[in-house]
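Peer 1: Sequence:
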Amino acid sequence: TDAQAALSVLVDAGGERATLATAAFYDKWRHDPLVIDKWFAVQAASKHVDTPQVVRRLREHPDFTLDNPNRARSLIGVFAMNLSRFHEPDGSGYAFLADQIELLQERNPQVAARLVSALNGWRRFEPGRSELMRAQLERLAAIPSLSKDVYEIVKRALDA
19 TDAQAALSVL VDAGGERATL ATAAFYDKWR HDPLVIDKWF AVQAASKHVD TPQVVRRLRE
79 HPDFTLDNPN RARSLIGVFA MNLSRFHEPD GSGYAFLADQ IELLQERNPQ VAARLVSALN
139 GWRRFEPGRS ELMRAQLERL AAIPSLSKDV YEIVKRALDA
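Residue 24 in the working numbering sits at position 6 of the sequence shown; the count goes up by one each step and never skips.
Quick caveat, the hints were computed from the structure, so don't treat them as lab data. Any given hint could be a false lead.
To be verified - Per label pair, the in silico range of CB-to-CB distance:
| no. | residue 1 | residue 2 | range |
| --- | --- | --- | --- |
| 1 | Ser110 | Arg174 | 20 to 26 Å |
| 2 | Val67 | Phe143 | 18 to 24 Å |
| 3 | Arg142 | Thr19 | 29 to 35 Å |
| 4 | Leu101 | Glu34 | 25 to 31 Å |
| 5 | Ala160 | Ser102 | 26 to 32 Å |
| 6 | Gly33 | Ala178 | 41 to 47 Å |
| 7 | Trp47 | Glu170 | 33 to 39 Å |
| 8 | Ser163 | Asp85 | 16 to 22 Å |
Even glycine gets a Cβ: it sits at the ideal position worked out from N, Cα and C.
Take the sequences, apply the hints, and build the full model.
Peer 2: Shown next, in the form of structure tokens:
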């Protein structure tokens, strides 16, 4: 817990110390899946300006897989709850989430449905972000093979 808290502070600060600390934490705990879930989550929750790029890079990490629900939630779900970095004005966070939901809904529709709920409050945002969020919901709704679980959440969000 103390190591995780210290890592979180360093990751928020960014820089070489953060890079060294994340590498050291990973090397020490690489054989403990639950701790590695926390390693992913700490980086996805960071307030640092580089967090969206870090999350995209971690999505390609050898220990990341959409087949593991806890791993998907620890990276994608935590990033979607990151108020300071998920809601970038260009909508890239929303597009990233929709990309991951599109992939995940075929493997685990329940987890995908839970993650898509991060876009449910699209009407509460200022018009620019609101339209970008709605566009991703519409994009998902248009997928012919969209799972019933995800479709229900998307449809409810769009119709509300």
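Peer 1: Confirm or reject each hint.
Peer 2: Hints, verified against the model:
{"no.": "1", "hint": "Ser110 with Arg174: 20 to 26 Å", "verdict": "25 Å, holds"}
{"no.": "2", "hint": "Val67 with Phe143: 18 to 24 Å", "verdict": "20 Å, holds"}
{"no.": "3", "hint": "Arg142 with Thr19: 29 to 35 Å", "verdict": "34 Å, holds"}
{"no.": "4", "hint": "Leu101 with Glu34: 25 to 31 Å", "verdict": "27 Å, holds"}
{"no.": "5", "hint": "Ala160 with Ser102: 26 to 32 Å", "verdict": "30 Å, holds"}
{"no.": "6", "hint": "Gly33 with Ala178: 41 to 47 Å", "verdict": "42 Å, holds"}
{"no.": "7", "hint": "Trp47 with Glu170: 33 to 39 Å", "verdict": "37 Å, holds"}
{"no.": "8", "hint": "Ser163 with Asp85: 16 to 22 Å", "verdict": "18 Å, holds"}
Comparing the model with each numbered hint stated earlier shows that all of them hold.
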